[in-house]
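Take these sequences, add in the hints, and give me the full structure.
From first to last, the protein sequence lines stand for chains A and B. Numbered by this note's numbering, the letters in the first sequence go through residues 30 to 386 in order. Numbered by this note's numbering, the letters in the second sequence go through residues 8 to 256 in order.
Simulated from the structure, these hints should not be mistaken for lab results. Using N, Cα and C, we set each Cβ at its ideal position, and we do this for glycine too. Be careful, since some hints might not be right.
If you want the footprint, here are the derived chain A segments under chain B, 3+ residues with CB under 8 Å [to be verified]:
hint, segment
1, 102 to 111
2, 122 to 129
3, 261 to 267
4, 310 to 317
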Amino acid sequence: MPERPAGPAPAAHASLGDSLATGWDEPDGALPPPEWGRPRGPRRLATVWGFALFTLALVAGNAWLSDRLAGEAFLAWATVFTAISLQALPFLVFGVALSGALTAFVPASFYRRVMPANPFAAVPAAGAAGMVLPGCECASVPVAGGLIRRGVAPAAALTFLLAAPAINPVVLAATAVAFAGQPEMVLARLAASFGTAVVVGWVWARLGRTDWLRLPGAHHDPQAPRWQVFRDSMVHDLMHAGGFLVVGALAAATVNVVVPREWVAAVADMPVVSVLVLALFAIVLSVCSEADAFVAVSLTEFSPTAKLAFLVVGPMVDLKLIALQGGTFGWSFVRRFVPLTLAAALAFTFVIGGVLL
Amino acid sequence: MNRIAQGIVLALLGAGALSSTVVSDLYLNYVQPGFRPFLIAAGAVLIGLGAAVVAAEARSALAGRDDGAGADSCCSTGDGHGHGAPRVAWLLLLPVLAVFVVAPPALGSYTAENAATAAPPRDGGEGADFEEVAGGSGPVEMKVQEFVVRAWTDEKRTMEGLTIRLTGFAVPNPDGEGWYLARLQMACCAADAIVNRVLITNRPEPPEDSWWRVEGTWQPPEGPVQDARDHRFEVESMEEVDNPPDPYE
Numbered sequence: 030m031p032e033r034p035a036g037p038a039p040a041a042h043a044s045l046g047d048s049l050a051t052g053w054d055e056p057d058g059a060l061p062p063p064e065w066g067r068p069r070g071p072r073r074l075a076t077v078w079g080f081a082l083f084t085l086a087l088v089a090g091n092a093w094l095s096d097r098l099a100g101e102a103f104l105a106w107a108t109v110f111t112a113i114s115l116q117a118l119p120f121l122v123f124g125v126a127l128s129g130a131l132t133a134f135v136p137a138s139f140y141r142r143v144m145p146a147n148p149f150a151a152v153p154a155a156g157a158a159g160m161v162l163p164g165c166e167c168a169s170v171p172v173a174g175g176l177i178r179r180g181v182a183p184a185a186a187l188t189f190l191l192a193a194p195a196i197n198p199v200v201l202a203a204t205a206v207a208f209a210g211q212p213e214m215v216l217a218r219l220a221a222s223f224g225t226a227v228v229v230g231w232v233w234a235r236l237g238r239t240d241w242l243r244l245p246g247a248h249h250d251p252q253a254p255r256w257q258v259f260r261d262s263m264v265h266d267l268m269h270a271g272g273f274l275v276v277g278a279l280a281a282a283t284v285n286v287v288v289p290r291e292w293v294a295a296v297a298d299m300p301v302v303s304v305l306v307l308a309l310f311a312i313v314l315s316v317c318s319e320a321d322a323f324v325a326v327s328l329t330e331f332s333p334t335a336k337l338a339f340l341v342v343g344p345m346v347d348l349k350l351i352a353l354q355g356g357t358f359g360w361s362f363v364r365r366f367v368p369l370t371l372a373a374a375l376a377f378t379f380v381i382g383g384v385l386l
Numbered sequence: 008m009n010r011i012a013q014g015i016v017l018a019l020l021g022a023g024a025l026s027s028t029v030v031s032d033l034y035l036n037y038v039q040p041g042f043r044p045f046l047i048a049a050g051a052v053l054i055g056l057g058a059a060v061v062a063a064e065a066r067s068a069l070a071g072r073d074d075g076a077g078a079d080s081c082c083s084t085g086d087g088h089g090h091g092a093p094r095v096a097w098l099l100l101l102p103v104l105a106v107f108v109v110a111p112p113a114l115g116s117y118t119a120e121n122a123a124t125a126a127p128p129r130d131g132g133e134g135a136d137f138e139e140v141a142g143g144s145g146p147v148e149m150k151v152q153e154f155v156v157r158a159w160t161d162e163k164r165t166m167e168g169l170t171i172r173l174t175g176f177a178v179p180n181p182d183g184e185g186w187y188l189a190r191l192q193m194a195c196c197a198a199d200a201i202v203n204r205v206l207i208t209n210r211p212e213p214p215e216d217s218w219w220r221v222e223g224t225w226q227p228p229e230g231p232v233q234d235a236r237d238h239r240f241e242v243e244s245m246e247e248v249d250n251p252p253d254p255y256e
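The following block contains the structure:
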């Protein structure tokens with residue numbers, strides 16, 4: 030991915046583009062003539078006016094439209110979409126704030142001291158770190174981006190990305206509550222998720238190439254004040270991850286409302302197929318990892334191994350997460366990372382499910 | 008998307024989060040009550056961040072500076088065109104529209120008819136560790152969820168004969184007699200809602216989605232309690248209630 034021209038001039042052209050009014054499609058890398066700087070004021074002003082109109086439209090819509098929208102299916106869809114968005118929002122903000130703080134306030138030397146230099150040793154350490162820090166999958170993506178930005182081996186950061194939402198204490202406690210009387214489910218979830226995260230990390234350490242990853246916002250002015258680096262990093266991550274989070278929420282809400290649960294239940298008796306179906310169900314449903322155990326326990330027709338697949342795959346691969354990772358790390362990363370993770374998660378589900386459940 | 012647009016989008020998003028928690032109780036339609044402080048914090052951070060970006064932009068506009076460096080010069084979109092934030096960031100306005108314009112209501116009977124019903128707990132004998140239902144004189148207030156779990160596991164049938172009070176909304180029974188009094192159970196957000204419901208046959212069906220507080224008794228099934236498909240409830244009295252502040256349990 031072309032980041033920015035690596036040349037000495039950190040181009041003063043970029044923000045000329047994309048505002049509400051169009052027509053400023055600058056070719057990349059061309060510096061505008063100095064006199065072009067003048068229309069910037071009006072262009073900013075146009076943006077402000079555009080948003081003022083938008084806000085007025087919001088108020089008008091609130092007053093006249095809210096009570097008139099009907100259609101049960103549409104409203105149920107809108108509720109689920111809003112629910113997924115609102116539920117993910119605090120985690121996303123928390124995640125980008127942590128990631129921004131990692132970038133702005135923690136010196137790079139700190140990570141070199143803490144993390145083992147050898148990626149193969151760093152991977153299990155990162156997985157264990159994921160066990161301690163509570164975090165939703167929406168938070169772990171920008172945090173992993175921040176870690177890579179600070180020089181942590183990508184393989185270790187990716188292991189953390191997979192492990193943190195799957196096996197943190199909050200999730201394990203929720204699983205224990207949902208599957209009361211079945212502690213082996215908690216154990217199986219822990220073992221299979223940790224195994225998947227570490228194996229994916231090791232495979233990435235061995236085969237992964239740096240240019241598959243688009244390192245997010247790696248450039249900032251070393252002279253800039255730290256709070257400004259923090260602010261810009263937060264805005265950057267929110268803009269890149271947030272839009273894709275909305276895409277994921279749209280897709281998940283659609284599936285949630287459109288696909289009847291009976292379709293899923295129809296295949297519950299087939300041993301291997303049922304595991305794959307629940308894995309797929311976890312991918313499209315995009316329930317947050319703190320809640321997925323409660324959904325899994327409601328799928329009573331299914332075998333324990335199939336439920337384990339739901340619990341292991343869900344926090345690591347789902348629509349919302351794929352969109353988020355694509356926005357943060359780029360699609361050439363997602364193309365390789367997601368199938369790898371899914372394959373490892375399914376393999377561990379079958380093995381651990383066969384042994385423990 | 009230029010810097011000032013990014014700032015305003017963030018601030019609007021924060022306003023959406025704040026208005027649905029501080030100004031109204033709209034957020035209860037979507038997430039758990041415990042989420043309130045997190046939503047407020049996230050909303051405040053977003054508004055602060057958006058304001059800081061807009062203020063920095065306004066300052067540099069007043070100073071006549073062209074502040075490309077360090078602002079949005081860092082970014083190329085995933086597909087390699089466009090400046091500043093990727094176009095997909097405009098989608099952040101969709102949740103804003105959803106909260107302010109659509110303001111979708113809590114899930115109701117449409118979902119209750121289609122979503123998964125709560126499952127009977129596995130036979131691990133956990134029904135035994137229920138504390139005894141408080142026997143006193145008046146009716147026992149119970150969550151629909153609790154009632155359903157007890158009805159499935161209460162092998163000693165301790166609930167039999169007790170007057171129990173439940174609150175929920177009316178859902179038609181598509182295949183058979185009577186109607187359901189249902190309540191959605193939510194673990195995290197509305198996306199994972201599960202239905203708990205009781206079957207009522209001795210009262211005429213009220214309008215769909217209307218909320219009722221009913222008092223009555225459990226009608227234990229003929230066979231083993233775990234095999235029951237519907238939990239029958241014989242109503243002694245029922246009164247309509249306004250939507251309870253928290254539609255889920």
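Hint check results:
no.	hint	verdict
1	102 to 111	holds (count 8)
2	122 to 129	holds (count 3)
3	261 to 267	holds (count 5)
4	310 to 317	holds (count 4)
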